[in-house]
Amino acid sequence: MGRAGHLDTDYWGMTLLERAAICPNADICQFLLANFVYPDQSTLVTRAFEVALRCKRRNKAAVPILKLLCGDPGFDIDIQDEARSAWIDRPMKIIENIINTQLWQLDGLSIGERITVAMLYSRLSCNMFLKLAGTTYRDPQLALWRDESGKTVLHYVATQLESLLHHNAMENEKWVPRTATEAEQWVQLGAAVVRHGLNPWSRPPIAISQHVVEQRRQRGAGGAL
45 MGRAGHLDTD YWGMTLLERA AICPNADICQ FLLANFVYPD QSTLVTRAFE
95 VALRCKRRNK AAVPILKLLC GDPGFDIDIQ DEARSAWIDR PMKIIENIIN
145 TQLWQLDGLS IGERITVAML YSRLSCNMFL KLAGTTYRDP QLALWRDESG
195 KTVLHYVATQ LESLLHHNAM ENEKWVPRTA TEAEQWVQLG AAVVRHGLNP
245 WSRPPIAISQ HVVEQRRQRG AGGAL
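Read in my numbering, the sequence shown has 84 at position 40, and its numbers run on one by one without any break.
Don't read these hints as lab results, they were simulated from the structure. Check the hints yourself; a few may be wrong.
No more than 25 Å apart at the CA atoms, straight line, and that leaves these computed lysine to aspartate or glutamate pairs for DMTMM-like [as the list claims (entries may be wrong)]:
no., residue 1, residue 2
1, 137, 71
2, 137, 151
3, 195, 140
4, 137, 125
5, 111, 94
Turn these sequences into a full structure, and let the hints guide you.
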């Protein structure tokens, strides 16, 4: 009986790399990536990464594999695609590993466009947010940005601070130095945006459904009779 090669697939169409990602076995993944070149390296590595993401829900041993795969030159995933929520809601360290390898995708975009991409992520460190935006605290353009609903960078800062508070409350933790430093960085960014001229009392408009608008119109018409 012959032995399977690195390009062979099993009954479900999975290669050895994908199977190693499921196990999960980082040593086998590393061996395969270091010793073999695949005809479509990008597709296969990205598929193995997504398989490892699903495994991560059951086994923390998948985390080293995720880092290994997203560091491979063949790894390619669209960080501007909001629909790829399969990994957008992953732990922050994994998200930031992905972003660090894919920042080249944002080359040539304006700061406003890059901020829009950064806003896709519900979990980011302040430093990674600024890296995605391609700017620093000192940039007055941070105060000018608004999305289609009217949300500003300050709204995003508030969301991140609320998330940190919620995490500590859920874990019943004290403000450890790492978490405190992270919160302080977000506060500093918020203060910088206000200094650049953003009104801290500005609120995004509340979206009203067409059904509610129609109900109000009918009530108004009834009152006029």
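Tested hints:
For the hint linking residue 137 to residue 71, the alpha-carbon distance of about 21 Å falls within 25 Å, and the restraint holds. Between residue 137 and residue 151 the CA atoms are separated by roughly 22 Å; this keeps the pair inside 25 Å, and the hint holds. Proximity of residue 195 to residue 140 is assessed by CA-CA distance (about 23 Å); at most 25 Å being required, the pair is judged to hold. Restraint check: the Cα-Cα separation between residue 137 and residue 125 comes to about 19 Å, which is no more than 25 Å; the hinted pair holds.
A hinted pair counts as satisfied when its Cα atoms are at most 25 Å apart, and residue 111 with residue 94 qualifies at roughly 12 Å.
Consistency note: the structure conflicts with none of the earlier hints.
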